[in-house]
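S.K.: Below, each chain spelled out in residue letters.
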Amino acid sequence: MITSADIVLWVYATVLSVFVAFVIIVRGQFRRFSVLATYFAIVAAMSLLRLHVLNAYGFKSPNMSISTTFRISCCAFSCTLSLQLFTGRCFLQRGLTCVCA
Amino acid sequence: MRVGSIVITAGVGIWSLAIVQAASTRLISRWIFEYSQDLYFVSTVAALILFGFATYKPNVPKPVHQLAFVFAGYFLFFALMYVIRYLSPLWGAPLAGLVGLFGMWLPLGVAYVFYDPNINKSLDDPYPPL
Chain L
134 MITSADIVLW
144 VYATVLSVFV
154 AFVIIVRGQF
164 RRFSVLATYF
174 AIVAAMSLLR
184 LHVLNAYGFK
194 SPNMSISTTF
204 RISCCAFSCT
214 LSLQLFTGRC
224 FLQRGLTCVC
234 A
Chain P
34 MRVGSIVITA
44 GVGIWSLAIV
54 QAASTRLISR
64 WIFEYSQDLY
74 FVSTVAALIL
84 FGFATYKPNV
94 PKPVHQLAFV
104 FAGYFLFFAL
114 MYVIRYLSPL
124 WGAPLAGLVG
134 LFGMWLPLGV
144 AYVFYDPNIN
154 KSLDDPYPPL
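In order, the protein sequence lines correspond to chains L and P.
Take 134 as the starting number for the first sequence in this note's numbering and just add one per residue.
Take 34 as the starting number for the second sequence in this note's numbering and just add one per residue.
Note that these hints are calculated values from the structure, not bench results.
Keep in mind that this is a model prediction, so the values were computed, not measured.
For glycine and all other residues, C-beta sits at the position ideal for the given N, C-alpha and C.
Treat the hints loosely; a few may be bogus.
With the Cβ distance kept under 10 Å, some of the chain L side facing chain P (calculated, not the full set) [unchecked claim]:
# : residue
1 : Leu149
2 : Val153
3 : Asn188
Could you build all of it, start to finish, from the sequences and the hints given here?
M.R.: Quick look at the structure:
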């Protein structure tokens with residue numbers, strides 16, 4: 134069961150992800166850290182999608198309970214973690230280029 | 034580095050597929066889940082290596098060092114939580130709230146790094162944008 138605190142945390146994390154992507158763009162660092170900014174934008178979009186599914190189908194409904202939750206979670210998990218690895222790779226490349234120079 | 038990353042990612046995918054091949058039903062779903070988990074631990078190792086380089090090498094720009102710390106802390110914490118939950122399922126419920134809270138470590142840390150008004154000055158480092 135999702136509590137009010139979980140919903141608040143969820144919304145806060147979503148807003149924070151949008152804010153981070155916004156800050157990266159505003160600071161003029163999007164070209165350097167485009168993957169990182171894209172990652173946070175996708176995290177926010179996935180979070181909103183999950184919130185929509187929760188509102189549309191309910192947490193206990195058959196749509197949410199088994200297949201939808203599992204598939205959306207898997208897709209979100211896969212996309213975010215793949216991007217995390219990609220972000221880490223780009224970041225690793227930049228860091229190693231920097232420290233080896 | 035780029036080719037190596039692609040090779041590692043593909044290797045982890047093949048490794049995950051080999052693990053879940055025993056499952057007769059919902060192979061794709063199980064593979065995605067397994068692949069995500071394996072990628073996560075590979076990312077943890079990469080983040081820790083990066084943090085080690087950023088810590089012990091001189092002339093590392095401050096934002097790079099800070100971001101390395103944020104990444105390493107984030108990945109390491111969730112890896113530790115996963116291990117604790119796996120070894121002791123009784124800790125699953127108490128740690129769930131902590132995991133939710135610590136999930137904001139990454140966006141908060143990255144926001145802190147990029148909110149620095151001097152980030153454009155401190156990023157005049159030798160590494161060019163990709």
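S.K.: With reference to the structure, classify each hint as holding or not holding.
M.R.: Here is what the structure says about each hint:
1. For the restraint placing Leu149/L at the interface with chain P, the shortest Cβ-Cβ distance is roughly 4 Å, inside the 10 Å limit, so the hint holds.
2. For Val153/L, the interface hint holds, the least distance from its beta-carbon to any beta-carbon of chain P being 5 Å, beneath 10 Å.
3. A hinted interface residue such as Asn188/L counts as satisfied when its beta carbon comes closer than 10 Å to some beta carbon of chain P; here the least separation is about 19 Å, so the hint is violated.
Violated hint for the displayed structure: number 3, the only one.
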